[in-house]
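Peer 1: These protein sequences, in sequence, are chains A and B.
Be aware that the first sequence starts at 523, since it is given in this note's numbering, and climbs by one per residue.
Be aware that the second sequence starts at 141, since it is given in this note's numbering, and climbs by one per residue.
A portion of the hints provided could be inaccurate.
Stated by the list, open to error - Straight-line C-alpha distance at most 27 Å; calculated BS3-like pairs for lysine-lysine:
(1) B:LYS191 <-> B:LYS249
(2) B:LYS249 <-> B:LYS148
(3) A:LYS1019 <-> A:LYS1076
(4) B:LYS148 <-> A:LYS1076
(5) A:LYS1076 <-> B:LYS249
(6) A:LYS1076 <-> B:LYS220
(7) A:LYS953 <-> A:LYS1019
(8) B:LYS148 <-> B:LYS220
(9) A:LYS840 <-> A:LYS802
(10) A:LYS1019 <-> A:LYS994
(11) B:LYS191 <-> B:LYS220
(12) A:LYS1019 <-> B:LYS148
Said to hold, decoys possible - What the simulated footprint calls covered on chain B by chain A, stretch by stretch (three residues with Cβ under 8 Å from a Cβ of chain A suffice, anywhere in the stretch; the number is not a length):
(13) 157 to 164
(14) 214 to 226
No wet-lab data here; the hints were simulated from the structure.
Ideal placement from N, C-alpha and C gives every residue a C-beta, glycine not left out.
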Amino acid sequence: MFDVLNGRLSIPARLNLIALCFAAPIALLLGLFINQVWKDVSFAQKELEGAAYLSQIWPKFVAAATDPVGRHAVIIDPSDRGFGSGQAARAFNLAQGAAGGDAGIALIGAVADGSNLTLDPDLDSFYAMDAATFALPRLMAATVAAPGQTGAVQLWRAQTYVDAAQASLASAMRNDTTGRARAALAGPANALAAAAKTFHDQLAASSGDGPQVPAARRAFQRAVDDIWRADAAELRRLLQARVDRLVRGLALNLALVAIAVVLAVLLVVTTTRALTGRLKGLLATMDRLIAQDVTVEVPFLSDRHESGHIAAALVAFKQSLIQARQAEQVLRESEARYRLLAENVTDVIVELNLRGEITFITPASERVLGWPPQDLVGRRSLDLIHPDDVRRVEAAIEAHVAAGPSAPAITLQYRTQRRDGAEVWIEGQPKVIFDAAGVAVSLLDAMRDITERKAAEQRQILMMHELNHRVKNTLATLQSIALQTLGAAETPAAFNKSFNARLLALSNSHDVLTRNDWTGACVREVIAGQLRPHQGLDGDRFELEGPETLVNAKAALALGMAFGELATNAAKFGALSVDRGMVSVRWERHIEAGAARLRLVWREQGGPRVSPRTRCGFGARLIERGLPHELGGATRLSFEPQGLVCEMDFPAEAVGE
Amino acid sequence: MTGWTDAKDLAGRRILVVEDEMFVAMMIEDLLRNLGCEVVGPAANVSDALKLVATHPLDGAVLDVNLGRERVFPVADTLKRDVVPFVFVTGYGPSALTQAYDHHPMIRKPFEPESFGDDLAAGLARAGATG
C-alpha cells in the first residue's frame, strides 16, 4: 500500500501527509487535555460557587442555630436552593426552634455535597472546607444548649467541636505554604480559642446560668462567626486560586502547543518549499536536457547534499550530451563527405545483404546499368549478372566470405546486361563487412564499367591475330617469291637483283597500305608506288589516267606486285628500256551483265620491237594466273609490235572495299 | 589411297589445292609439280573448290583453312564424304581448326620446301587411315 502511495504521490504531498498523520493524534491529545483541564476547572468553579452559596446561607443558619426557641423565622429563598439542596432547604424552613440548628447543619452538608466541596481533592482547601462545612456549623450549634441539656454535656459538645475546628484550621494553615492562610486564620483562631475558654470558664463557674454566660456565649458565637467567615473567605481564595492556576496552566500549555505547532508548520512549509523548489528547478533542467537544450544552466550545484549530487549528475549528463552532439556533428559531416563521394564517383557502389539483395546503390547505377537506384534496391544482384558468369562470381564471393575478415581483397570481372540489353563488363571489388564478432553482415562492392577496356583488349587480341596473320602471309609470300625467283635465276646476282626488286615492290605496296591503315588504297597510288623507282629517269614517260578508285588491301597488294612486274619488265625489255618509250595506265569502272567491274590497261609505246615471249616468267604467271585466282575476273598479256599491252578486268566486288 | 610413306608416292597423283593467297598457291603448285603431281586448282574460295571437287577425280587435297572471309570446312566435309584424304595448311596452328578436325593432319606455314613432300605424304596417309 505504501509503495502505491509512494508511486502516486509527489514528494510535497507525501510530506503533507506525514505532517497530517502527526497533527491528528496531537490534536486529539490536545482535545483530551483541554477537556480534562476544563473538567477540573468546572469542578473547582462549582466548589467556589458552593462556598459562595454557603456564605449566603451562613447568616440564616447562624440565626436559626442560635435561636433555640424560634423567635425569628428564618427562610431560605426557594430560588437559592442550588446544589441539590432543595429538600434540605425546605426542611430547614419548616424546622424552627431547637431543630433549626440540626436542619441548618443538614442543609450545609447538602450544599457541600452538591457543590463537590466534600469531594475536594486538595489538602489545603480540604481542611478549610472541613472547618467551614463540618466543625464550625456544629460548633455554632453547640454554643446553644439543647432543651434539657446539662451544662456539662453542652461544655463537652462545645469543646469537642472547638477541638475539631482548631485541628482542621491548624491543618489548613500548615498546608498553606504561602502563609496567607495563617495570616488570615491565625488571629480569628486564637480569638476563638480565647472566646471558647471564656465561655467555658463562665459556664463552669456559674453552672450554666451565671450573669456572664449570655455575654460570653454571644462573644463565643461572634468568634465562631468570625472564624467561619475568615475560613470561608480563605476557602474561596484557595478555590479561586486553584481555578486561576488551572486556567493559567491551560493557557500556558495551549500557548506552548501553539508555538510548537506554528514552529512545526513553519518547518514543514519551509522544508517543503525548499525541497519542492529544488525538485522543480532540477526537473525543469532535466526536461530541457531531455529536449536536447544544452544551453541550460544547472542550478543548486553548490548544495552539499542530495540536490547537489543530483545537480552534479545533471552537469555530467549535460557534458555527455554536448560531446554526443559534437560527435554526431563530426559523424554527419563525415557521412555527408562520403555521400558526396559515393554519389559523384563514376563507379557504382552497392551494398548487399546476406541474401544478395541490393540494399543501397549509388546513382552511378543509372549510367552504368541503365537503372536508377530505386529500381535496383531489393533486387538480387546475381540476377543482374550474365548467366555464364553467375556461378563463377557466386563461388568467388562465397569463398571470400568464408575466408573471414582477414582475407585479402579480391577483384572479379563479369558481364551484366544493361537495361537496354547491351552487355556491360564490370570489374567488381567486393568487400565483406563483418561485425565485431567476425560474422558477415553485408557486402560492399565497387563496380566499375570496364566494357571499353575489355573491348580494347579484344581489339588488341584481334590486332595481334591480324598482325600475326599478315606477317605469316607476308613471309609465305616472300618464300613463294623467293622460290620462284630462284627457279628462274641463272646466277646468284640475277636472283639477288630480281628478288630485291620484288621485295621492293611488295614493300611499296605495304607503304601505301600502311598510310591508309591497311584499309585499302587508291588505284593511282598503288600504281605510282610501283612506278616511282623508274620515274627518276623521266617523269613524262608515264601517263596515269582514271577516276578516283579505292581498292581493298588484298587487291592493292596483288595489283602492286603485278604493276611492279610490268614496270621491271618494261625497264629491262620494253618501253622503259629506251629513252623515248612511254607507258600509259588507264583504268575505269564499267558495268557488265549488271555487275560493276574495274578495268585496267597497261600499254607500252615507243619501245623496242616486241617479239613474242619464249618462256613464261614469274611476272607473266602472276598476271595471267595469280591475279584471276586472287581477285577473280580475267587478265590478258598482248605482245603487240608497238609494245606490251596488259588488260585486267575484275569484279568490283572482289577488289573494292 | 593408303600406303603413302614419302614424297615419291605423290608422283602422278591428282592433288586439289585450295589456297586464297596468290603467292602461296603458286608455291604449292610449284612444289606439287616438282613432286610429279597433277595439280587441280588452285581454288581461292569454297565455291570454286567445290566445283573442282565435283568435276575432277582426286587422290588428295591441300586445304588452306582461312579463305578470306570464308573457312574451308565445307570443302573438307565434302572430301571426307568422298573419302579423299586431305591435309590442312595454316599459319595459325591447331587453334584454327574446328572440333571435328581437331587432330586432323596439318602443315604449318611457312613451309619447309625440302620436307613438304614427305610431310604431305605422311599427312595424306594418316588422313586416309583415320578418315
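Peer 1: A separate judgement is required for each hint: does it hold in the structure or not?
Peer 2: Now for the hints, and whether the structure bears them out:
1. Of the pairs offered as hints, the one joining B:LYS191 and B:LYS249 holds, with about 26 Å between alpha carbons and a cut-off of 27 Å not exceeded.
2. Annotation: proposed proximity of B:LYS249 to B:LYS148 holds, straight-line Cα distance about 22 Å (limit 27 Å).
3. The suggested pairing of A:LYS1019 with A:LYS1076 holds, with an alpha-carbon distance near 25 Å, which does not exceed 27 Å.
4. Distance restraint check for B:LYS148 and A:LYS1076: the Cα-Cα separation of roughly 36 Å exceeds the 27 Å cut-off, and the hinted pair is therefore not satisfied.
5. At roughly 19 Å between alpha-carbon atoms, A:LYS1076 and B:LYS249 fall within 27 Å of each other, so this suggested pair holds.
6. Proposed proximity of A:LYS1076 and B:LYS220 is contradicted: the alpha carbons are some 31 Å apart, above 27 Å.
7. Distance hint between A:LYS953 and A:LYS1019 is unfulfilled; the C-alpha atoms sit about 68 Å from each other, more than 27 Å.
8. Distance check on the hinted pair: B:LYS148 and B:LYS220 sit about 24 Å apart at the alpha-carbon level, within 27 Å; holds.
9. Taking the CA atoms of A:LYS840 and A:LYS802, the gap is about 18 Å. The hint holds against a cut of 27 Å.
10. For the proposed pair A:LYS1019 and A:LYS994, the alpha carbon gap of about 24 Å is at most 27 Å, so the pair holds.
11. Distance check on the hinted pair: B:LYS191 and B:LYS220 sit about 16 Å apart at the alpha-carbon level, within 27 Å; holds.
12. Distance hint between A:LYS1019 and B:LYS148 is unfulfilled; the C-alpha atoms sit about 34 Å from each other, more than 27 Å.
13. Interface restraint, the segment 157 to 164 of chain B with chain A: holds (5 residues with C-beta to C-beta distance below 8 Å; minimum three).
14. Under a criterion of three residues with beta carbons nearer than 8 Å to beta carbons of chain A, the stated coverage of the segment 214 to 226 of chain B fails, only 0 such residues being counted.
In this structure, the hints that do not hold are numbers 4, 6, 7, 12 and 14, in rising order.
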